[in-house]
Every structure is written in structure tokens, then in C-alpha cells.
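If you read the sequences in order, they're chains A, B and C.
Okay, so the first sequence: first residue is 1 according to the numbering used here, each after it adds one.
Okay, so the second sequence: first residue is 1 according to the numbering used here, each after it adds one.
Okay, so the third sequence: first residue is 1 according to the numbering used here, each after it adds one.
Hints are computed from structural coordinates only; laboratory data are not their basis.
For clarity, every value in this text was computed on a predicted model and none was experimentally measured.
Careful, some of the hints might be misleading.
A few chain C residues that face chain B, going by a derived Cβ cut-off under 7 Å, partial list only [as the list claims (entries may be wrong)]:
1. A155
2. D219
3. T223
4. R225
The list that follows gives simulated cross-link-like pairs (lysine-lysine, BS3-like), each with its CA atoms no further than 27 Å apart [stated by the list, open to error]:
5. B:K25 - B:K82
6. A:K204 - C:K81
7. C:K70 - B:K125
8. C:K81 - C:K70
9. A:K173 - A:K232
10. B:K125 - B:K82
Stretch by stretch, here's where chain C covers chain A in the computed footprint (C-beta under 8 Å, at least three residues) [as the list claims (entries may be wrong)]:
11. 59–68
12. 87–93
13. 124–130
14. 138–152
15. 227–241
Even for Gly, the Cβ is constructed at its ideal location relative to N, Cα and C.
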Amino acid sequence: MTEAAVKTIEMPPAGEVQHQSYWRLVAHEFFKQRLSTIALIATGALILVAIFAPYLANNAPIILKYHGGTYFPSTFTYREFVTTDWTDFMNALPTGAWALMPPVPYNPTQTDIFHRLQAPSSGHIMGTDDLGRDVFSRMIWGARISLSVGFVAVGIAVFIGVVIGAFAGYFGKWTDILLSRVIEVVICFPTFFLIITIIALVRKMNIYYLMFAIGIVGWTGVARLVRGDLLKLREQDFAVAARALGVPPTRIIFRHMLPNALGPVLVSASFGIAGAILMESGLSFLGFGVPPPTPSWGAILSLARDYVYQAWWLTAFPGAAIFVSILCYNLIGEGLRDAVDPRLRV
Amino acid sequence: MAENEHVLEVRHLSTYFFTDRGVAKAVEDVSFALERGKTLGLVGESGCGKSVTALSVMRLVADPPGRIVQGEVLLERTDLLKLPEREMRTVRGSRIGMIFQEPMTSLNPVFTVGNQIMEAYRVHKGGSRAEARERALEMMRVVRIPDPEGRLSAYPHELSGGMQQRVMIAMALVCNPTILIADEPTTALDVTIQSQILSLLEDLQRQFRMAILFITHDLAVVAQTAHDVAVMYASRVAETADVKTLFRRPLHPYTRLLFRSIPRGDERRKKLDTIKGTVPSSIHYPSGCKFHPRCPLAVERCRVEEPLLREMEPGHFVACHRAEEVEELMK
Amino acid sequence: MVPTLIGITLVTFVIVQLAPGDPVTLAMGMQGDSLSATRGTATQQIVLEQRKLLGLDKPLWMRYPMWLGKLAMLDFGRSFKDQRPVKDILAERLPITIQIELLSVFLAYVISIPLGVHSAVRAGSVSERITTVILFILYSLPSFWVAYILLYFLAGGGYWHIFPIGGASAPEAASYGAGKWLVDRLWHLALPVLVLTYGSFAGLSRFMRTGMMDVLRQDYIRTARAKGLSERTVIFKHAMRNSIIPIVTILSGLLPGLIGGAVITETIFNVRGMGQLGYNAVLARDYPVIMAVAVLSAVLTLVGILLSDILYAVVDPRIKYD
């Protein structure tokens, strides 16, 4: 050959290429989307509101300095104050005593007949309902119901769906045929109607039955997703290898395959929470939700039915709250969906 | 190049793709000409820009993100790039026909084969359904599809790959175009079918005196069907000549290396020759001559200055600074 | 299909059997407190007879096939509330639900398909982004809230009174001529159908959009353009025909939602359809009606699924239906 100076191609220096774990990648893609990130923050705020409800809306003070002692009435129940009506107590606070009140000084269940159906004012930011209860306080406490029902119901649904879907997808043949029929049967039933039927079977309604009812009716979407994924995954080399090595099926399913299928399940879960919140408010609206006097956004709306034209605030606020929470979870779901989609990978 | 018989002249065509990651210069300063009744083979590796060149001629490049940024495409002296879209549509399918690589996916699965051929005819020539049907049948016979009447109402998925490609050819030629652009028409077919299609195209060319722009990465196909060849590398034409000259005496290092890397049955070698390095990304081309990082003859000038096509002998153009030394240095 | 049918009936049967209380005593208890107070032998007699009538004297495993048999004869028993044959009650309510469903599906497709096509063809444009945002917001709005807002502003509130407050027809509708009756019915159902349907615009049009975008990426679209076809023809003939295919399968997904969602909507608008019937039946623990509504809705949904499978085979020449 000749003495020609040959230029070599340069490779990037070792160590600059970073390997990211799957979830890191997903998170990165998720946060690139502004709307979804905002929704996530908003949801975080909502969750905080729900958790700290006793400190945000209560007629009992957060900190009370009284007769030399320091008390935390909104956190603990004290023997001395067991029968105290906090509203009266705070009105007649002796000098020398000091209290730190929650921002909304009303408890969701305290009634005040003299101030029923009041339009929003400085005293009651969101007005009062037909029993004189402060709407804003009920809204704050209602967040607890909506969010907890949302999370638990979806948790149940995802659990059932993943298990059934995984077994149907992995074992195939008869198991799949049988389980697919089961899925089909559940799908055929009108969801809402089925839930109210189940609820009607219960003697004494409480929040746990509600969560259970919504969860047990809503697992089919996840089941189909997981089933589809596993049907594909079981034919891939790593699964065949695991089988050949004698790894027991449950281990293959839960340790090797499901982590791959979890992305879409997470997306489904987020939309599921939105759906569950909608379901819960719908049920409470019809009277099938948590029994009174527990506040729920749907229940407030239910009240509003009789006062649609007179008390607009009873319709506006709970509806807006339900809307916003659903919107946020849907946005998170959308964001996740794009973050998880392998086709959008750069 | 003789001026009289050129049905298509492409001059300094450049097509760029404007993406988030940068500008991909897929086609850069490409020029060639097609003569009536002759085939020009456009050869190159995947990604060298040959398909985009063909699509640019037809103005089928998706805009955004692609755009033809310079050049002229003269179809019998009309510059296609300057035509309003409405008029360009009268050119597509009627004066220039095009067939693609994957016949299965290139035919609409929900319409019958006959329907699609008839459509190609009626959109340009009008006419009644009966006329179009007759014409479609005639074309199907020309492309040697057995039992045309029966096949008229068949759906694409009911036909074999070779049959589908014949349908595509029929569709492209039903309006008797002057030019046929064939983008890797046989790559997705079995070798035996491949030779059938190639001989069909040869016969059709003779019969209709069509100019064919034949795009492929397969040098053997080029040797068989092309009269002239243009070798492309990384968006540019590296070398162009008539087929005999190119095969006998390639003057561009890339072309020489390409020929060397083809496995030959009559030689006993232990290892296959490869061209070291990889094809550069169209967003980040090397400076100067795009081939210089992989070229055994590269010198400082190659890194700095882009070589232009030079006529080394009549009709044989090479884009290399050291074209004179290639024969000597690369046995 | 048959196993699913059996599954449906079995699940309904089991759920209802789990209900607390004996249907007979419940029914009799509902008919008057006086009966439940007396414990004379006369009452015992009545109770025994009733139980025999309802087949409650037979063991569980016999009751199911008996019920199934009656079902096959379209004998749904009698309503606990008013003793009327459930079959008659259903006959009254079913037409309205079917009308609502048909209108809803029609509205959903009529709005979503053009929107989806527009979004696909003009992807990334300002109008497309705005449309996406609006649809997304619509999708997240709770239907009962929307119902009240609509009622407030368009029906009974202090603003316009374009639509009636409720009901499926005006009280005098029976005396209308066919044309007038139809218009009156449509006018009454407009708001409920809108409330039931708006939520699906987002999903359906997004589905259409994705499908369309997928289709537009296909090779045969490039071929169509290479043939010299106008963009219009390419989209509305070549692309549409292919994107319609998956849309048809969505049909089966729309139906269960309709019957379910209808419960709230029918209650708010006081429309006497299956949804409202089901709701009232659950409130009153009227088990024969509950079972009938459950089974009927599930069966209708199953029929819907079958229909969309058949349609799919019709629309896609690649599918061979056997």
C-alpha cells in the first residue's frame, strides 16, 4: 500500500454511553411532558389535602394552649375534651388560652340550621348545604373518600386482572379458553348496574364494600392487557430458556415476564383511578356510595339535585373537583402511555 | 452526454430532511440522465440516498420534514420541480410510472387488483369502466399474468409475490409512460421470480421503448439489466459510466471495494473482503470527501475538499481526487 | 358464545341468590306491615304457597335450571313491586333504551370519524391540538355534572329553554302523527343522548386518528400517490377504507357502556328506559326485574360483540368468516 495518511474514525470515549434502567427512562420521558407533570403535581397536592384533612378543615384546633397544658385536639382524642363541642368552646375561649385553628374552621359534619343553603361568602368560601354544613370542609374531607376508593379499588382490580391475565396468557390452551370466557362474561354485564346490584346485596354499607365492588367489576381491561402481553412473551427466547431450565411457572411469570408487561398496566391503572373516582361519585350521587354523614363529592352533588336552580354552588364545586381529579389522572395516564410506548423511543 | 435522446435529466438535485436532530442531507448535488429505451442502474448501499432521489423525481418526498432544496428535474424539457401540484399529478402515473420494493404492502389490501389497475387508467385517461377493464386485462396479459379475467377480481393477498409485482408493473405501465422508476423491485422476491421479473422488464422496455431508472443495491442485477450505471455513496454520485466500462474499469475507490467485496464462486479466499468502517449518518457527514474515513487512498486533501465528478474517459465520470492513481494503487 | 351465555345466566343467578332475606317474606313484607305482624297459620299457608310458586321449595341446584328454562320461554316472572309480568315491563322499556343506544352510536360515529380523520391529516396543526385538548376535557367531565349544567343552561334554569326538562316524550305525544311524534321524541332524547355520548368522542376519534395515521404511513398510500391520484382520493378512498376496519370492532365496546351509563342519565332526565328500570329495581330489591335486566343487558352486549365480529369480516376482505 501507499504511505497515505489514513484518517481513522473516532469512537466516543468509553464511559460516556450511559445505560438507563427501564423505569428511569420512563420517568425521564414522562417528565418531558409538561401537562402530565403538572397533573402529577396537582394530584400530589390533592393527596396531601386528603391526608391532612383533619388539619385543614376542622372545628377543633390544631394546637391548643389551655390552662397551662398543650393539647393537639385535631390529632388526638383527650379524655377531658371528649364531650366538648369545639365550636362552642372556641367561641367562648378564655383569655390566656391560645389556639391555632385549621384554615377552614368547620368540621364536615357539623350542622347549622340557621345558615343553611348560603351562597359562598367570606364566612363560608363555598357556601353551605341544606343542613348548614360548610361545603368547603366537606369537599376537603371528600377528597379522602374519592382518592382512597380510587386507589384501593384500582389496586384490587389490578391485582385480580394481573393474576387472571397472567395465568390465561402463560398457560394458554384450556386455562386460557376458560379464563377468557370468564373475562367475556364479566365484560358483558353493564358495569354500573352490576355494581349497584352487588352493593344492594350488602346489609350495612361501608367504604370497604364500595372499594370491593368497584374493583371486582373493573379488572377485565388489565386482564386482557396482561394476557396479550404474556401470550407474546412466552414465545420469546428468554421464556423458553427459563422453561427449559426447569424454572417453576409462577417464578417465570412473576419475576421474568410481568415486569415487562407492567408499563401498560400502570397506564391502565392511572386511567382506572380516574374511572374509579368517577364511579364512586356516581354511586354516591345515586345514594349507593358511602353512607351519610360521611362527605363525598358525589353525595354533595346528589343533594344538589333538589336545589339545582337555587344553590348553584352545590353543583359547581363538587362537580369541578371531580372533574379536575379525573382530568389529572387522565393526564397522568396519557403521559405514562407516551412514556411507556416503545415505538416513541428515540 | 448526448443531448437528443434524454427523456429525463436530473441536474444538481439536493433533498434535505429537516428534523429535530438536525438536517439530514439525503441527496446532495446529484445529476444523471435517462435515455429512451435504456436503463440506468442507480446503485448504492442502504441509506445512500438512492430511494430518496427517485422519490424526489416524483416529488413524493414527505414535506415536512423533507424538502427538495435545489436542482432541476427536466422531463422532456419541462422542469418538474417548478410545476404546480395539480399538474405534477398528471405526470405521476401517466408519464412516469413507479414500482416499489414490497409488492405485498404496496397494493391496497381492500381493493381488488383489477380495480387498482383500472383506477390508474381512469384517473388519467377517463373512459368508461368497460374501457378501463379492457385496458387492465390487456396490461395483465402484457405482464404475463395467467388467467387475467379470473385474476381481475382477486385481492392482493390472494396472489404470490411475483404475481403482485406483475400487477404493480401493470398498474405503473397502464398509461404508457415514457419512464419507469423501479425502486428495488426484485429485492423482496425469490431468486427465480427475480429473474422472471427482470426479463419481463427487459421485454417491456424493448416493446415500449421506456427509459428505466433501476434502483438496487445488488451489483449482479445491475450487470444483468442496466445499460448505464451511477454509483451513489452518502448522498452523492461517486461514479457513473456505462455498465461495461464500470465493471471492467471502476475508477472510484468505493466502487472498486464494492466489487471486491462480492463473493465469487471461482475464487478461493478464506475471508470475505469488507469495506472497513460504517456508512456515515446523513446528519453528520465527514468533512470533505464523504468516503475518506474508509478510503485506503485518503490524503489530506480528501479530508478538506469535496471531490466533484470529473470525466476520466468519454462517458465515465468519477468523483475522486486521486482517480488517476486508483488503477495503479488498488489492484 | 354458548358458554358465555351460560356464564352470564349463572353469574346473575348466583349474585341474586346471595341477597339477604327471603324474596317471599320480603315481598310480602313490602305489601303491608300488617301481614308481617300476624303469625297466624293463614299467613304461613300463603308463604308456603308463594314459595312453591317461586320454586323456592326446591334445592338450589334445581332452581337454576328451572329458572333457565323459564328464561328460554321468555318468562321472566313477575315483578315484586307491582306483580306485573316482567316481560311486559321490559317490552315497555326496551324500545326507549334501544332508541337511545342507536342514536348514541350514530352520534358517536358521526362526530368522531370526521374529527379523527381531520386530526390525522392535520396532525400537529393548531386546530388539531385545540381539538385534542377540548376532547380530552370532555372526556374527563363527569356525566352527571354535565347533565345538570346542560339542564341549568338549556332547559329549566334561568337561561334558555330549548330542551325539555325530562321524559322521553311530551305527555300528549300519543296523539301526535308519526312525523310530529318522531321530532318530539328526538327533541326529548337530545340531551340524554348527548350526555351519554360526549365522553366517547375523545376515545373514538383518537382511535380513528391513530388508525388513520398508521394507514397513511403504509406503502400502498405511497403507491396511490405515485399513480397520480389527488390527495382527496388518497385519503377518502384509499386510506378511509382501511382505517374503517378497526373502528367497526369498537362497536362492541360501546354497547355495555351505554346500558351502564344510562342508569344515571336516565334517572336525571327521567327517561323510562332499562337503566332507570334497573336502578329502581335495585332500590326496591325487586329481584325478578333485577335478574331480567342483568341478563338482557348482558345478552344484548354479547349480540353487539358478535355483530361487530361479523361486520369486521364483511369489511375486511382478508378475513374469512367461518
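* Just pull the numbers of the violated hints for me, sorted ascending. => 1, 7, 11, 12, 13, 14, 15
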